[in-house]
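Engineer: First to last, the protein sequences are chains A and B. Residue numbers for the first sequence follow this note's numbering, beginning at 1 and rising by one. Residue numbers for the second sequence follow this note's numbering, beginning at 1 and rising by one.
The set of hints was computed from the structure by calculation and includes no laboratory data. All residues carry an ideal CB built from backbone N, CA and C; glycine is no exception. Hints are not guaranteed to be accurate.
Chain B side only, calculated, beta carbon under 8 Å to chain A, not exhaustive [what the hints assert, rightly or not]:
no. : residue
1   : Gln42
2   : Thr51
3   : Thr55
4   : Phe90
5   : Gly103
Negatives, chain A to chain B, calculated, CB over 10 Å [stated by the list, open to error]:
no. : residue
6   : Met60
7   : Asp63
8   : Pro84
9   : Ser108
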Amino acid sequence: DAGVIQSPRHEVTEMGQEVTLRCKPISGHNSLFWYRQTMMRGLELLIYFNNNVPIDDSGMPEDRFSAKMPNASFSTLKIQPSEPRDSAVYFCASSPNRTVGYGYTFGSGTRLTVV
Amino acid sequence: AQSVTQLGSHVSVSEGALVLLRCNYSSSVPPYLFWYVQYPNQGLQLLLKYTSAATLVKGINGFEAEFKKSETSFHLTKPSAHMSDAAEYFCAVSTWGMRFGAGTRLTVKP
Chain A
1 DAGVIQSPRH EVTEMGQEVT LRCKPISGHN SLFWYRQTMM RGLELLIYFN NNVPIDDSGM
61 PEDRFSAKMP NASFSTLKIQ PSEPRDSAVY FCASSPNRTV GYGYTFGSGT RLTVV
Chain B
1 AQSVTQLGSH VSVSEGALVL LRCNYSSSVP PYLFWYVQYP NQGLQLLLKY TSAATLVKGI
61 NGFEAEFKKS ETSFHLTKPS AHMSDAAEYF CAVSTWGMRF GAGTRLTVKP
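This is chain A alone, in the form it adopts within the complex:
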């Protein structure tokens, strides 16, 4: 099992550019979560999907952020336009079941730096 796969591992971009982060969940997991981690705010839940459908996007900070899950094996988080305050580590996680008692499996994260 390859685990949750995120790409790229590191991204450096200029302010105003579009950034796309990618995630491949574990096969068979039907729930997917995007988190952002910063020193100031810790781990923040941005959005989660169940069976490819967005369930709660109340954590998405602004309209500049959008996420999609076109199929069960792929999700993207897009920031357009990017700003320096978006610099953070973005994690994707997946879970096999919508039942809240399951833990999540996290990817290794994408470290985003916006200059």
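Assemble chain B onto chain A, guided by the hints.
Structural biologist: Okay, now just chain B, sitting in the frame of chain A:
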């Protein structure tokens, strides 16, 4: 709303000493509680979870946690710290969409 509070952003212990990382929760319904560990430049790894079965939960790497409803606590312990335990530890509560505490950085001194 459910939430967790981790007491102490930094904990330092000597190798071989007891590790105690504190977590208190707030929930109006029986909670599902978790501890995760994060090593530098890595994602979070599940240590253990409480899902209303046994109140004493054993996890990986010799860690365990005890659910105490009367104290609304779910503290993480390990009898003897190893150098390899140095990491960031997160307590979390699972509403749908897991919410994490601020984290506790554990340092292990030789």
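Engineer: All hints are to be evaluated individually against the structure, with a verdict given for each.
Structural biologist: Now the hints, each set against the structure:
1. Gln42: 6 Å, holds
2. Thr51: Constraint on Thr51/B satisfied, holds at 4 Å.
3. Thr55: 15 Å, violated
4. Phe90: It holds, given that the least Cβ distance between Phe90/B and chain A is near 7 Å, below 8 Å.
5. Gly103: Since the shortest Cβ distance to chain A is 6 Å, the answer is holds.
6. Met60: 12 Å, holds
7. Asp63: Its Cβ never comes within 10 Å of chain B, the nearest being 20 Å, so this holds.
8. Pro84: 21 Å, holds
9. Ser108: 5 Å, violated
Hint compliance for this structure: hints 3, 9 are broken, all remaining hints hold.
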